[in-house]
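A.B. asks: Below, each chain spelled out in residue letters.
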Amino acid sequence: MDKDISIVLSGAAGQGIQTVEQLLVGIFKMAGFHVFATKEYESRVRGGTNSTTLRIGEIRVSTLVNRIDILVPFSKKAVNHVQKRLSPQTLIIADENIFSQSGEQISSNFVSFPFLKTANDVGNELFSNVVAVGAVAGIFGIDLKIGENFLHQRFNAKGETILNQNIEAYQKGYRLGSDLKTSKNISFGIRPNPEVADEILFNGNQAVALGAIAGNCNFISAYPMSPSTGVLVFLAQHSEEFEIVIDQAEDEIAAINKAIGAWYAGARALVSTSGGGFALMSEGLSLAGMIESPLVIHIAQRPGPATGLPTRTAQEDLNLALYSGHGEFARMIFAPGTLEQSFYLTQKAFNLADRYQVPVFILTDQDFVDGYYNIPNLDVSQIENHPYFVKTGADYKRYQLTEDGISPRGIPGYGEGLVRVDSDEHDEYGHITEDMEFIRPKMVEKRYHKRLELLRKEIEPPIVSPSEDYSTLILCWGSNYHVVKEAIAVAGKSGVSMLHFSQIYPMNSGVKDILSKAKKLLVVENNASGQFTKILRLETSIEIPKSQQFLRYTGKPWAVEEMAEIIKKEAI
Amino acid sequence: MECSAENYDFPHEKAWCPGCGHFTLQKYLREALAQLKISPKDLVLVSGIGQAAKLPQYTRGNMFNGLHGRALTAAMGIKAANPSLKVIVTSGDGCSYGEGGNHFLAQIARNSDITHIAHNNMIYGLTKGQASPTSLKEMKTPVQVLGVTNEPFNPLAVALAMGATFVARVFVGNKKQTIEILKKAIQHKGYALVDSLVQCVSMNKLNSFKWYKDHTYMLDESYDSHDRVAAFKKAIETDPFPTGIFYEEEGKQVFWEQSAAYLQKKEPLYIRNLDIKKLKALIASKRGI
Numbered sequence: 001m002d003k004d005i006s007i008v009l010s011g012a013a014g015q016g017i018q019t020v021e022q023l024l025v026g027i028f029k030m031a032g033f034h035v036f037a038t039k040e041y042e043s044r045v046r047g048g049t050n051s052t053t054l055r056i057g058e059i060r061v062s063t064l065v066n067r068i069d070i071l072v073p074f075s076k077k078a079v080n081h082v083q084k085r086l087s088p089q090t091l092i093i094a095d096e097n098i099f100s101q102s103g104e105q106i107s108s109n110f111v112s113f114p115f116l117k118t119a120n121d122v123g124n125e126l127f128s129n130v131v132a133v134g135a136v137a138g139i140f141g142i143d144l145k146i147g148e149n150f151l152h153q154r155f156n157a158k159g160e161t162i163l164n165q166n167i168e169a170y171q172k173g174y175r176l177g178s179d180l181k182t183s184k185n186i187s188f189g190i191r192p193n194p195e196v197a198d199e200i201l202f203n204g205n206q207a208v209a210l211g212a213i214a215g216n217c218n219f220i221s222a223y224p225m226s227p228s229t230g231v232l233v234f235l236a237q238h239s240e241e242f243e244i245v246i247d248q249a250e251d252e253i254a255a256i257n258k259a260i261g262a263w264y265a266g267a268r269a270l271v272s273t274s275g276g277g278f279a280l281m282s283e284g285l286s287l288a289g290m291i292e293s294p295l296v297i298h299i300a301q302r303p304g305p306a307t308g309l310p311t312r313t314a315q316e317d318l319n320l321a322l323y324s325g326h327g328e329f330a331r332m333i334f335a336p337g338t339l340e341q342s343f344y345l346t347q348k349a350f351n352l353a354d355r356y357q358v359p360v361f362i363l364t365d366q367d368f369v370d371g372y373y374n375i376p377n378l379d380v381s382q383i384e385n386h387p388y389f390v391k392t393g394a395d396y397k398r399y400q401l402t403e404d405g406i407s408p409r410g411i412p413g414y415g416e417g418l419v420r421v422d423s424d425e426h427d428e429y430g431h432i433t434e435d436m437e438f439i440r441p442k443m444v445e446k447r448y449h450k451r452l453e454l455l456r457k458e459i460e461p462p463i464v465s466p467s468e469d470y471s472t473l474i475l476c477w478g479s480n481y482h483v484v485k486e487a488i489a490v491a492g493k494s495g496v497s498m499l500h501f502s503q504i505y506p507m508n509s510g511v512k513d514i515l516s517k518a519k520k521l522l523v524v525e526n527n528a529s530g531q532f533t534k535i536l537r538l539e540t541s542i543e544i545p546k547s548q549q550f551l552r553y554t555g556k557p558w559a560v561e562e563m564a565e566i567i568k569k570e571a572i
Numbered sequence: 001m002e003c004s005a006e007n008y009d010f011p012h013e014k015a016w017c018p019g020c021g022h023f024t025l026q027k028y029l030r031e032a033l034a035q036l037k038i039s040p041k042d043l044v045l046v047s048g049i050g051q052a053a054k055l056p057q058y059t060r061g062n063m064f065n066g067l068h069g070r071a072l073t074a075a076m077g078i079k080a081a082n083p084s085l086k087v088i089v090t091s092g093d094g095c096s097y098g099e100g101g102n103h104f105l106a107q108i109a110r111n112s113d114i115t116h117i118a119h120n121n122m123i124y125g126l127t128k129g130q131a132s133p134t135s136l137k138e139m140k141t142p143v144q145v146l147g148v149t150n151e152p153f154n155p156l157a158v159a160l161a162m163g164a165t166f167v168a169r170v171f172v173g174n175k176k177q178t179i180e181i182l183k184k185a186i187q188h189k190g191y192a193l194v195d196s197l198v199q200c201v202s203m204n205k206l207n208s209f210k211w212y213k214d215h216t217y218m219l220d221e222s223y224d225s226h227d228r229v230a231a232f233k234k235a236i237e238t239d240p241f242p243t244g245i246f247y248e249e250e251g252k253q254v255f256w257e258q259s260a261a262y263l264q265k266k267e268p269l270y271i272r273n274l275d276i277k278k279l280k281a282l283i284a285s286k287r288g289i
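Residue numbers (this note's numbering), protein chains in the order written: chain A, 1 to 572; chain B, 1 to 289.
Since the hints were derived computationally from the structure, they do not count as laboratory data.
In this text the structure is predicted, and so the values were computed from the model without any measurement.
Any given hint might turn out to be false.
Stated by the list, open to error - Computed footprint of chain A on chain B, listed as stretches where at least three residues anywhere in the stretch have a Cβ under 8 Å from a Cβ of chain A:
#1 95-108
#2 126-133
#3 180-188
#4 194-202
#5 241-253
As the list claims (entries may be wrong) - Some chain A residues judged to face chain B by a derived CB distance under 8 Å, without partners named:
#6 G48
#7 E241
#8 T402
Glycine included, every Cβ here is placed at the ideal spot set by N, Cα and C.
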């Protein structure tokens, strides 16, 4: 028996699949199971077919598997939607009434469950989703009260009637689920661990937002765009508590200029968007480069070009982050692969941006930001935020030429000096100049060469896992951390390690040595052109041939099984 | 520091043409700042790009000379980060109403607490004489060879429609009125628009200083600047163009004071620190789900 169970719930948008996902991850976690949940959905509010995959584990689960152990379809189309992931072992629990054929014709492992009737008995077929939550909890034999508590939390504000109906729906589903467990003798060989109940559970967007709060972010300007919107929402929800200015901008151009204005006046500002929104920010990015403004930019990637697949996943905007903005200036790019990395790197981004007066990118993607799982804790005891601005003197020069290329950054109203910044080429005071003999080259070197080398020293080496002793290295970045890690374990070949980059640019100078020790290099990316692989070649001169690049550009994330197949076939 | 108008002059070679209206407007702005005793260190002059946008380069104060069209957005960020600063946007008609058109609407809707001095010379000067959003229909330019066909943008009517609480037009030929209106605009709490008619001596041969003098008139004392309907009527008058305060309204809440960050405290964001206990509690709240 597997150490985890994969449950898929699927139905149309508007049938409450999201509610089921949120309730079930919480219920299983509080019952002591490790959980992972990810959703795949269409860019619409009603209709279509969406699904959510839940993994319930005795050991940690943090990424997607294709295998489905239990399928709960809420619509006729839902079975077809996940057909390729089904096996004869998949237990399908569904209301037979939604199909035009009998359950037996759909699968030999079909269990009919009266979702609709039960929901209607409670008062409305819309309760089917909560009946299903109860049913799953019942089948797993989870303490009834855990789910009831969640329903109280979730529906308390909606009034007694709605709360009671939801609880009734849950209880009825639970009882039927329990009966089914007994009558069909359903059991799962996974055991809960009470310690897991005390772990923390959240998703990638929340990890970025929590990291921003930890980095003393107090200003966000953003135009809502999938899949990044969760960051704006989370910060807005906690804006009073953490004293954050929230601005839903009129467009992304405004968002980035407002953020730069806010940094200029001493705030710590974040912009959060996806590739298309960031494309509109590129002129503003260049302004940040020119006036040496700190800035933190979160891009949750999705497949392009243009509108592309708004709710799907990709790693297509690394080049955009690296090369956007006219002119030349230094920048830093992070691509967290775990919730912890996302939290700590975002926190760090605010301090590095402030210290080095540069834009710092946090590059995530839909797969990462929408994925939930539990982790033991986030340690905040080591968190330090330094304000790097200075109190200005009367003859303050914003762009004073210094040995290391960093001019002390003053902010208006703090000290006696005047803080004058200019998007034109400027002298040390920030005044427009066309001095091309002395000032221009000095300012370019300050903004680009000197900065880049300072930033490079801050970049930590990529993570080698599980072993420093490897013959094959699988290179990946960003959201592919967990899938590669688990696939290596599943493939079970010795001498295979992952090299994961969460701090991409500038590249750590030790990377070449790490790569040179491997006999074979494989690289995994979610784009068509091997964007990371090309940057790696520029930085290390190491070329990874096409046959060793595994590039996915379907819009779907990798599943463990697919990655394990690659490893079995390619690793030496 | 002694608050004389000269103190606001920044010693820098000016890139404006002799006889340019920007000189006059800058002089009156310096006078207004001096009379209001606004310290240069508490003043932030924000501009975009263009000849008008160079005004902060020549004026003593903090300066954010940003991107074309984006002055209002940067100003909004600055004011929201530190409401104790006096934030004045001074940029041209192309920056304010053309490239920055969406921001013009959005900033009025937000009621950011900023003063917006839009230098309106009805021409693109720095790019050498193409039509601006406010150019009149009869104007011919090297691009608009058959004459301007766009309806001229009416910033005052738009500002009124968006709910702006201070809407004024000045012509730099009227020294006293201009200084008085600038002073009131700077003191106004909320977004204040001062559409400022200035002559472009090099590129706009149609709308000369004399033309503005002949085609404007001052609103007299009988005009009630608290009557929004009357303001609309005046705003759609085009020839002659009225100058004066079209509309003013007091007491409307501004963006920053309605923001969650300022509900309990008024001090600027830069002196605030993360409350680590609250962060711990927030993280801990993720245990219960």
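A.B. asks: Each of the hints needs a verdict: does it hold here or not?
C.D. replies: Hints and how they fare:
1. Interface restraint, the region 95-108 of chain B with chain A: holds (4 residues with C-beta to C-beta distance below 8 Å; minimum three).
2. For the region 126-133 of chain B, the proposed coverage by chain A is not satisfied: 0 residues have a C-beta within less than 8 Å of a C-beta in that chain, short of the threshold of three.
3. Look at the region 180-188 of chain B against chain A: 0 of its residues bring a Cβ nearer than 8 Å to a Cβ of that chain, fewer than three, so the hint is violated.
4. With a threshold of 8 Å between beta carbons, the proposed coverage of the region 194-202 of chain B by chain A is violated, since 0 of its residues qualify and at least three are required.
5. Residue count for the region 241-253 of chain B with a Cβ under 8 Å from a Cβ of chain A: 0. That is fewer than the three needed, and the coverage hint is violated.
6. The closest approach between the C-beta of A/G48 and any C-beta of chain B is roughly 27 Å, which is over the 8 Å cut-off, so the hint fails.
7. Because the smallest distance between the Cβ of A/E241 and any Cβ of chain B comes to about 6 Å, under 8 Å, the interface hint for this residue holds.
8. Evaluation of the A/T402 hint against chain B yields a violated restraint, the C-beta minimum of about 21 Å exceeding 8 Å.
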